[in-house]
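Undergrad: When the letters of the sequence shown are read in order and numbered with my numbering, they come out as residues 99 to 406.
Treat the hints as calculated values from the structure; they're not laboratory data. A virtual CB, placed ideally from N, CA and C, is assigned to each residue, including glycine. Accuracy of the hints is not assured; some may be wrong.
Unchecked claim - Simulated restraints on C-beta separations:
no.	residue 1	residue 2	range
1	E213	I336	36 to 44 Å
2	K377	E252	41 to 49 Å
3	D113	E338	41 to 49 Å
4	V238	D388	33 to 41 Å
5	D388	N312	17 to 25 Å
6	T374	T327	14 to 22 Å
7	A111	K340	29 to 37 Å
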Amino acid sequence: MQERIAAALEGRAADVELVEVRDEAEAARWGMTGSPTILFDGVDPFTPEGAAPSVSCRLYREADGTVSGAPSVAALREALAGATLPRPAMPGGCCDADALDVVGRGGRGRRAPAERGLRAVHQAVLRHFAASGAAPEPAVLEPVAAEAGRTAREVLDELAAEDFLTLDEQGRIRAAYPFSAVPTRHRVRIEGGTEVWSMCAIDALGIAPMLGRNVVISSTDPVTREALTVAVQGKAMIWEPKNAVVFVGQRPGGGPAATTCCDALNFFTSDASARTWAKEHPQVPGRVIDQGQALDVAQQTFGPLLAP
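Modelling step: build the complete structure from the supplied sequences, incorporating the hints.
TA: Shown next as structure tokens:
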């Protein structure tokens, strides 16, 4: 529940209090109708009509009929929609914070929940990409999923539904942020020799902090078609050209990051080139960020993904 709340908040500030309920009297006082119960400003948006206070386990039924021990991230986001929570403050204090929400969700959300084998399978996918440069076949993931009593297909479908990765029509992994199984504008050479495609500029920058290894990124400016490289060596970066920047944008309408923003997060050889692209694509709101800001976002987003 706590992990999903963090993902649903998307970096917004909120006071979260964890309360232990010991008996029926406390359950009645707090309005707990089973554990876990979540209250937004004292109100439980998930309690069915007529539910009685109870010290018991609680299950949450999703729209597709599946049940879980906590509300889904999507359900929590919907419940939070009416709450007066401030949007996250992004670098530079710009008001278009939504341009980064899908990418990093305020640094939360790209790390899959630990339950139901989600994190174990997700991490196995990321490690396979990093070691081989390609996506694993579902069969490779069966032993990992089996440890949670599930099949790889079940876990992959759930990871795709929550936008931790994307699948093609045959159910094979097409992308697992920050990696892409198909060619993109951004090629990343990982220390040790493996080369991978990344989904966008921020994803490319996130590979080094996620793996704890040096990388060299090769990309092209969408406007000038000039080559651009970024060498990430620990906390140091070498950009060529030196005045290169990153544009972060997001197409309106919602949906997975692969379709709403990955093609709108690119490296540019200069601020002028990035602003030219923005002017040519008025339907994609966003902004230009500098090299340090781009790496900060990448570290915040992808740094925790492979942590135990």
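Undergrad: Does each hint fit the structure? Answer for all of them.
TA: Hint check:
1. Between E213 and I336 the beta carbon distance is about 41 Å. The supplied range of 36 to 44 Å therefore holds.
2. Checked against the given bound of 41 to 49 Å, the beta carbons of K377 and E252, roughly 46 Å apart, stay inside it.
3. Restraint check, D113 to E338: a C-beta distance of roughly 45 Å satisfies the suggested window 41 to 49 Å.
4. Distance hint for V238 and D388: a CB-CB separation of about 40 Å, consistent with the stated range 33 to 41 Å.
5. At about 21 Å, the CB distance of D388 to N312 agrees with the hint of 17 to 25 Å.
6. In this structure the supplied range 14 to 22 Å holds for T374 paired with T327, their Cβ-Cβ distance being about 21 Å.
7. Between A111 and K340 the C-beta distance comes to about 36 Å, which sits within the given range of 29 to 37 Å.
This entry satisfies every hint, going by the numbered hints stated previously.
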